[in-house]
Amino acid sequence: MPQEGQIRKPVTAANAIVNAAGNASQTQAAPSVEYQDAAEGLDSVLDDIESVLENNAEDYVNHFVQKGGE
Amino acid sequence: MPQLRDSRSRISMSDLPQADPSLRRIFGIETEYGISVTGAEREPDPGTVAMLMFRPVVAATRSTNTYTANGSRLYLDVGSHPEYATAEATRPIDALRMDAAGERTMRRMALDAQELVRSEYGANARVHLYKNNVDSAGHSFGCHENYLVRRDIPLSLLGRELIPFLITRQLYTGAGTWAADGSFRLSQRADFLDDAISSSTTRSRPMINTRDEPLANSDMYRRLHVILGDSNRSQIATWMKLTCTHLVLCILEYAVHHGLETGLQGMELADPGKAIKIVARDMTGTVPLDMADGTRKCALEIQGVYLREADRFVREHGDDVALDVADAPECLELWAKALDSVHFADITELSSWVDWAAKYRFVQSMKLRHPDLGAARIRQFDLDYHDVANGHIFESLVAHDQMRLMLDDASVDAALDTPPADTRAALRGAFVAAAGKTPGCTWSADWTHVAASVDGRQAETQLLDPFDPTPTPGYERVMELLQAAKTA
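Protein chains in written order, with the UniProt record's numbering: chain S, 1 to 70; chain X, 1 to 488.
Incorrect hints may have been included.
[Said to hold, decoys possible] Below are the DSS-like pairs computed for lysine-lysine, each with C-alpha atoms no more than 27 Å apart in a straight line:
1. X/277 - S/67
2. X/437 - X/486
3. S/67 - X/274
[Unchecked claim] Simulated restraints, written as ranges between beta carbons of each label pair:
4. S/52 - X/119: 19 to 29 Å
5. S/65 - X/111: 18 to 28 Å
6. S/43 - X/108: 27 to 37 Å
[Unchecked claim] Here are a few chain X residues that sit away from chain S, every Cβ distance over 12 Å (derived from the structure):
7. 58
8. 69
9. 118
10. 154
11. 155
12. 317
13. 378
14. 387
15. 433
16. 456
17. 472
I should point out that these hints are in silico values taken from the structure, not numbers from a laboratory. C-beta: ideal position from N, C-alpha, C; glycine also.
Model the full structure from these sequences, guided by the hints.
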């Protein structure tokens, strides 16, 4: 088990801070690639959800109406 | 150069409340939950379900407003929103643990209520309890962060140099949602906020609230109430929003206290209310925002400056304030990585702890399988992600190592009735636990006060210093009353 309070799979980019500060100033020049790889690696999660979600999405969503709080 | 002072002025100074030159802080999170029921034969309204959830609380305390043995507040807020306000914590990790204990408490209450709902409204009824910020009709509710700050920090400075940070941090703290037109938002709260700063007496919806109720020495502190944040399911996102905000507040407070420049002078936004909505619609972080000085900067640039200054602050002053920024190195590394990931559009990396990215990635994946995925189904996924009682998506992401956690399960369980040991919450928690076990005891508590009555005998005391877990003589008298009743 990981140590309490330690983030599991810690990030490893040692020079990330420098990169981020440097990149940030160039962002308008550098075109962002599309979020195209986003869909990979989730098959087992998708399988889980296919089998359990309620059928009528419309009905599910419309049941949640609750006046604001705060 | 130190100024020479005569002894008379030193003596008179010591009679006044001393300023707190440290950067120690109290953290707290107030989370409102949303309720719905599906699968029922006839439908209970949210207020009915909320009352069923709170039935055990009412039975034990005759109230829907109580405190728990971990020192946190558990209550039913306006609009029948169950709400959990975490006990005072001096470290973000402790506040996170309290928040996770709150989530677990709410889940248990919802599932217990579900049994009662099923007996009356149909065996297939399911209670959904959403740790989110908006319902399907567009009503919004909140997740408020509290930070104790030194009194000498000017509110105008917070408006100029904290608000731009809070508005752009949604790149990694936003919970994400789909608007009615199907477009994506990084933040659920962005469309519901108008003014940057306001007092509670106005009708506008501010991003931070400056009402003065520090729940501590009001000569030394004020309580900064941050209203613009989303409720996070990701533990790391919850921890990051507290830790990053803490570091920015440290920069501002240290500069004020020492008469230094903050390094954040150019960050003021021309129109915060407009900027927060632009950032919420831009997952690339590159759309330019109008700055007060006439220039334009994108959200990534603004975050890059805050990160750079936070990194510089920790390097230059970390030794002075070591205890107060203990979690900083890990936070800075993750912060930099998050900005990198936004810059390179690496949503897979982001989705391992950023709620909006996890949710967006899930829906994009589902669309590849089901190209005809409808708006209602996407909205259902959106809600399911936040359902702490009967949700599937977040739990599945965790189970398949697609969402990283920060807390051990056992420590969250322990936190259900264990307050942070180094704050006033330790006293309140021990009081609540003892009072609950004392036969015939009537008790009440709030953040600064506990009172008990047993067999016609009464005792009460104030707890004014949130940093002090040491029992006062008044507190000991209250505890002795409970002890005497138990052994009688």
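Here's how the hints hold up against the structure:
{"no.": "1", "hint": "X/277 - S/67", "in the structure": "holds (22 Å)"}
{"no.": "2", "hint": "X/437 - X/486", "in the structure": "holds (8 Å)"}
{"no.": "3", "hint": "S/67 - X/274", "in the structure": "holds (25 Å)"}
{"no.": "4", "hint": "S/52 - X/119: 19 to 29 Å", "in the structure": "holds (24 Å)"}
{"no.": "5", "hint": "S/65 - X/111: 18 to 28 Å", "in the structure": "holds (22 Å)"}
{"no.": "6", "hint": "S/43 - X/108: 27 to 37 Å", "in the structure": "holds (32 Å)"}
{"no.": "7", "hint": "58", "in the structure": "holds (19 Å)"}
{"no.": "8", "hint": "69", "in the structure": "holds (20 Å)"}
{"no.": "9", "hint": "118", "in the structure": "holds (16 Å)"}
{"no.": "10", "hint": "154", "in the structure": "holds (26 Å)"}
{"no.": "11", "hint": "155", "in the structure": "holds (21 Å)"}
{"no.": "12", "hint": "317", "in the structure": "holds (17 Å)"}
{"no.": "13", "hint": "378", "in the structure": "violated (8 Å)"}
{"no.": "14", "hint": "387", "in the structure": "violated (10 Å)"}
{"no.": "15", "hint": "433", "in the structure": "holds (23 Å)"}
{"no.": "16", "hint": "456", "in the structure": "holds (39 Å)"}
{"no.": "17", "hint": "472", "in the structure": "holds (30 Å)"}
Of the numbered hints listed earlier, those contradicted by the structure are 13, 14.
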